[in-house]
Amino acid sequence: MRRIVSLAMVACLAACRGEPPRDPGDRELALLVDSLRPDVERAAGLPFRGPTTFELRSKEEVRDFLLEKLRQEFPPERQEGIEAVYTLLGLLPDTLDLKQLLLDLYTEQVAGFYDPERKTLYGVRGADPAQLRLVLAHELVHALQHQYLPLDSIMHLRSNSDRQTAVQAVLEGQATLASIRALTPGTDLLATPEFWQLFREQIKTAQSSMEVFSRAPLALKEGLIFPYLNGAEFMKWWDSARAGHPLPSLDEMPRSTEQILHTGRYDRRDLPVPVAFDDAEAALYEDTMGELELHLLRAVLQNGDQVHTEVPAGWGGDRFRAYRSPNGPALVWYLVWDDAESLGRFLTNTGRLLERLPRAGYRTDVSTMPNAAAPTLRIVIAPTGWARWSRLPTLSP
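Position one of the sequence shown corresponds to residue 441 (the numbering used here), numbered consecutively onward.
Keep in mind the hints are simulated off the structure, nothing from the lab.
Mixed in with the good hints, there may be bad ones.
[Stated by the list, open to error] The calculated DSS-like cross-link candidates involving lysine-lysine, where the alpha carbons are at most 25 Å apart (straight line), are:
1. K661 with K509
2. K499 with K539
3. K644 with K661
4. K499 with K509
5. K676 with K499
6. K644 with K539
7. K499 with K559
8. K661 with K676
9. K559 with K509
10. K539 with K509
11. K539 with K676
12. K644 with K676
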């Protein structure tokens, strides 16, 4: 769900709206970018290694650009697979067009963004000046990061969305912290617990003023906010634990959202357990959920309006596949746990709710795998007459 880098969600949520929109002009944009660069360098703790390329685009041009990015990121088969999985799990309604909703979300109030493929920072014509300044400070951090890390490649880990989200959380988290520092020189807002509470409250409050965002499904909203909010909290911890080392290297990047949510898991190198199917049969879609998605799933199935991530789920690793069938898509999902207690909690709180999720013509099976090397759960949601019920896909030893 969280596949496009640097679309300024934090700016959309926190921007000032008091000043009427006006076109900043190319020269004014250039002056603004140049004026922000020293503050961004100071705030991020990294010097720019070269110039920053920037351009102005109309809202229509930005929408066309984002539409093309979504087409690249969500080719028809991939979109079909993602929508099938999240619909079967109850995370998205059956009638939702995910690509269209993402386009509407990203263009609702976007004022600027950084494109790693073109190495260009874009400002949107007619954006509120205060909002544009905030956005450009945030996106300049991404331009700076790209001079130290290959953003265009590390943000396309399509085979493991959980790991991709963890990387995105580092990038967005640092950009969020650095942009706040850059725009509040001489203060140390980030050191006060009150700031973080206020930051969370402002994000939640701002949702109601954004028409598209406010009516999006809970799982999608929380997934979009996660890299900025939880990523900022992770990078705040990183700054204190790795003083003088402002940005993780490729080898140091977190491997899972579990490590973002629970820094102790990162600190002791609690790596995800490799989980792989034992056959090469083509599936409609295959990926990894990760701990964040488990918390989202529990909240949605419990009809909650908040997602609680404070307590580790005990997630070890997971892998799922979506298949086409004549009577509708099928899902096979294996989850490996740290211990039997963690498996039992998930089974009691989430697994049983999945079994009771109404879906006409479908069968849901949630089973433990007694012969597995580690505590393992298998979830199958498929049409009652699915041909593979008698020969379900299994895992590699």
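Hints, one by one, checked against the model:
As the CA atoms of K661 and K509 are separated by approximately 20 Å, the hinted pair is consistent with the 25 Å bound. For the suggested pair K499 and K539, the alpha carbons sit about 18 Å apart, so the restraint of at most 25 Å is met. A C-alpha spacing of about 10 Å is found between K644 and K661, which places the hinted pair at or below 25 Å, so the restraint holds. Among the hinted pairs, K499 with K509 is consistent with the structure: their alpha-carbon atoms are about 15 Å apart, no more than 25 Å.
Distance check on the hinted pair: K676 and K499 sit about 34 Å apart at the alpha-carbon level, beyond 25 Å; violated. Annotation: proposed proximity of K644 to K539 holds, straight-line Cα distance about 24 Å (limit 25 Å). Our distance criterion of 25 Å between C-alpha atoms is met by K499 and K559, whose separation comes to about 20 Å. The straight-line distance between the Cα atoms of K661 and K676 is roughly 23 Å, inside the 25 Å bound, and the hint therefore holds.
Under the criterion of a C-alpha separation no larger than 25 Å, the hint pairing K559 with K509 is consistent with the structure, at around 15 Å. Pair hint K539 plus K509 holds up; C-alpha atoms about 11 Å apart against a cutoff of 25 Å. Annotation: proposed proximity of K539 to K676 is violated, straight-line Cα distance about 33 Å (limit 25 Å). For the hint pairing K644 with K676, the CA-to-CA distance comes to about 20 Å; that is within 25 Å, so the pair holds.
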